[in-house]
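Oh and the sequence shown: position 430 is 1553 in the numbering used here, straight run, nothing missing.
For the record, the hints were derived by calculation from the structure and aren't laboratory data. Careful, some of the hints might be misleading.
[Stated by the list, open to error] Capping the alpha-carbon separation at 25 Å, the derived lysine-lysine pairs in BS3-like fashion look like this: (1) K1468 to K1452; (2) K1308 to K1333; (3) K1511 to K1401; (4) K1235 to K1209; (5) K1165 to K1245; (6) K1357 to K1299.
A quick note: this is a predicted structure, and the numbers were derived from the prediction, not measured.
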Amino acid sequence: AVSNALEKYRLDYERQRASDEMNLLFNTIDEVFFSQDLVTSKLIQISPACEQVFGYSAAEIMADPDIGDKIVHPEDKQLQEESFQKIYSGDISMAQYRIIHKDKSIRWIESKLVPGLNAAGKVVRLNGVARDITERKNTEEQIYQNHIQLQEASETQAAILNALPPSIALLNEHCKIMAVNQSWKKAALINNLGIPNYGVGYSYLAIAEKAIGVDRASWSKIEKGIKDVIAGTKRGFSAEYVTHLSTEKKYFQVLVAPLADHKQKGAVVLHIDVTDQKLAEASLVQSEANLRSIFENTDQAIVLLDTNFNIVSFNTNASVLSVRNFHKKLKVGKKGILYFPNERKSRVKEMIAHVMNHQMVSYETIYDLADGSVEWYEVKWVGVVNEKNETIGIILTLKNITDKKIADIERDKITADLVQRNKDLEQFTYIVSHNLRAPVANILGLSNLLNDVDACEDESQEVLKALSNSVTSLDKVILDLNNILQVSQEVNDKVEQVSLPDLVEEIRSGISQMMDKNRVTLTYDFSEVGEILTLKTYLYSIFQNLIINSIKYRRADTDPVISIKSKLNTHRVCIFFDDNSKGIDLAKYGPHIFGLYKRFDTSVEGKGMGLFMVKKQVESLGGSISVKSELNKGTEFKVELPKSQGKVFDK
1124 AVSNALEKYR
1134 LDYERQRASD
1144 EMNLLFNTID
1154 EVFFSQDLVT
1164 SKLIQISPAC
1174 EQVFGYSAAE
1184 IMADPDIGDK
1194 IVHPEDKQLQ
1204 EESFQKIYSG
1214 DISMAQYRII
1224 HKDKSIRWIE
1234 SKLVPGLNAA
1244 GKVVRLNGVA
1254 RDITERKNTE
1264 EQIYQNHIQL
1274 QEASETQAAI
1284 LNALPPSIAL
1294 LNEHCKIMAV
1304 NQSWKKAALI
1314 NNLGIPNYGV
1324 GYSYLAIAEK
1334 AIGVDRASWS
1344 KIEKGIKDVI
1354 AGTKRGFSAE
1364 YVTHLSTEKK
1374 YFQVLVAPLA
1384 DHKQKGAVVL
1394 HIDVTDQKLA
1404 EASLVQSEAN
1414 LRSIFENTDQ
1424 AIVLLDTNFN
1434 IVSFNTNASV
1444 LSVRNFHKKL
1454 KVGKKGILYF
1464 PNERKSRVKE
1474 MIAHVMNHQM
1484 VSYETIYDLA
1494 DGSVEWYEVK
1504 WVGVVNEKNE
1514 TIGIILTLKN
1524 ITDKKIADIE
1534 RDKITADLVQ
1544 RNKDLEQFTY
1554 IVSHNLRAPV
1564 ANILGLSNLL
1574 NDVDACEDES
1584 QEVLKALSNS
1594 VTSLDKVILD
1604 LNNILQVSQE
1614 VNDKVEQVSL
1624 PDLVEEIRSG
1634 ISQMMDKNRV
1644 TLTYDFSEVG
1654 EILTLKTYLY
1664 SIFQNLIINS
1674 IKYRRADTDP
1684 VISIKSKLNT
1694 HRVCIFFDDN
1704 SKGIDLAKYG
1714 PHIFGLYKRF
1724 DTSVEGKGMG
1734 LFMVKKQVES
1744 LGGSISVKSE
1754 LNKGTEFKVE
1764 LPKSQGKVFD
1774 K
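All chains should be modelled from the sequences, with the hints used to inform the complete structure.
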């Protein structure tokens, strides 16, 4: 009995120890072990590792019978359901599917389900194990993507090789061909080499030696170059050779470069057909020889360039022009774009693109010379084409048209003078018909009254006074006419370099009393343009009239503020006169603001001559005047004059 008791105790102890070890394993292993009663659909147990794998504790999972719907990824629920259904057949089920971890991350799970049978052989329970295989799946995906990329790279490499026009062969360190492109295959057929697989796996040197029409000297040079590149004694090799086929002569360039593969030595060999280029170069050289005599017997500057805009040839006129205008000597082989100022380079590139597209470009341009004068040129860009209508070069010509432009300017000036004289005549007619008519009529009427001998002395005195007033008015009109005509006559006066700051200070000094009385603030900024070559008397009159005008039409509640500023716009000088005067209603008076005897503010004394004279003097200098104004805010007059009015009066 004691022996049986001891045996029972030992067996119970062993069972307890085995149970404890199993529980320890159950609680510490990374895989999730679980059991489910299929009759009641209740989870019997689940190991603590579920919290690491699923993010939910065992208590949370046991308490929520629907938690499986939350955990399994919606797109993989079908996989999980199929695995679950399989155990009812008594089979062990394996599945891989995605879950949504409690932290919202997506993870991969591998599960194994084992069916449990009752005494009747019916499946009433399942025992399962699940493990996190996310890292493994990511690795598999990376391997798959790498495989795809390698496959795509291989296909891309083959596509690139086949798309390239040169015949290309990849050689290993023993000069055996590893791969070729379509151009190589075509060349192999033309040469009728009769080598299987277009030579892949065969010696490149042996194949090339049998090629048709290559002279021995050229081949020996090429063979040595290939061996040097593969051996690493040369970083690259290039040579040209000629092939003489049955009916034609072709030129080729061979390029050899080391394989960009650190694992093995080898070389890339390219055979480029440069026949068209060679013929084009020969044609261009011949054309240059034919044109040389024409180049040196024309009044144009001519430069020949290739399609890369390198200088091929030029004539003496072009050489002289380049040194004088660009201070650079033309050199064969140099880039033509380097001879143009930076501000013109983008425009030149546009014109080259047009010429390469079979368009002729023609325009006029102007160059400022060191002595202050300018020269005009007619510029043409013309493409040189071969018999295939392909552009193989560019001709640039420059023709000096300065005399023509001066003649055009003179013609335009004469036309403008004729138009202005016609306007003057119309204005003169207007003055005679309107302004002289009234005083003359008054004088005639008063003269008739004086002839009346019966008039008393008082009446005679009154008539004489009225007669005197009419004569005075007539005299003013005649003086105005004289001033207007004098503007046209003074154009022939000598021009001089006029300092704008000195001119303003001279005017300030002359009207200092008026400025002090009206508390005028006058400022100027001539930093951009400080001097003009012009008629000083005209410029003085223009400045003085505009300054006085700003003072006369000041606002009653504000001291006059006048600012004058100069700006350079291409070849014209812009002078801005800004003030804070009453302003002008341009909508109402704009068309008549520079008219003769036009006055828009009768509160200030005047005859309506000032702005008329300003406009006439500005136009006589070859310029123009415009106005911007806003009532009770101020006025801006803009005077535009040629940069050097001396050219306006040269002829």
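Now the hints, each set against the structure:
no. : hint           : result
1   : K1468 to K1452 : holds, 18 Å
2   : K1308 to K1333 : holds, 15 Å
3   : K1511 to K1401 : holds, 15 Å
4   : K1235 to K1209 : holds, 11 Å
5   : K1165 to K1245 : holds, 17 Å
6   : K1357 to K1299 : holds, 19 Å
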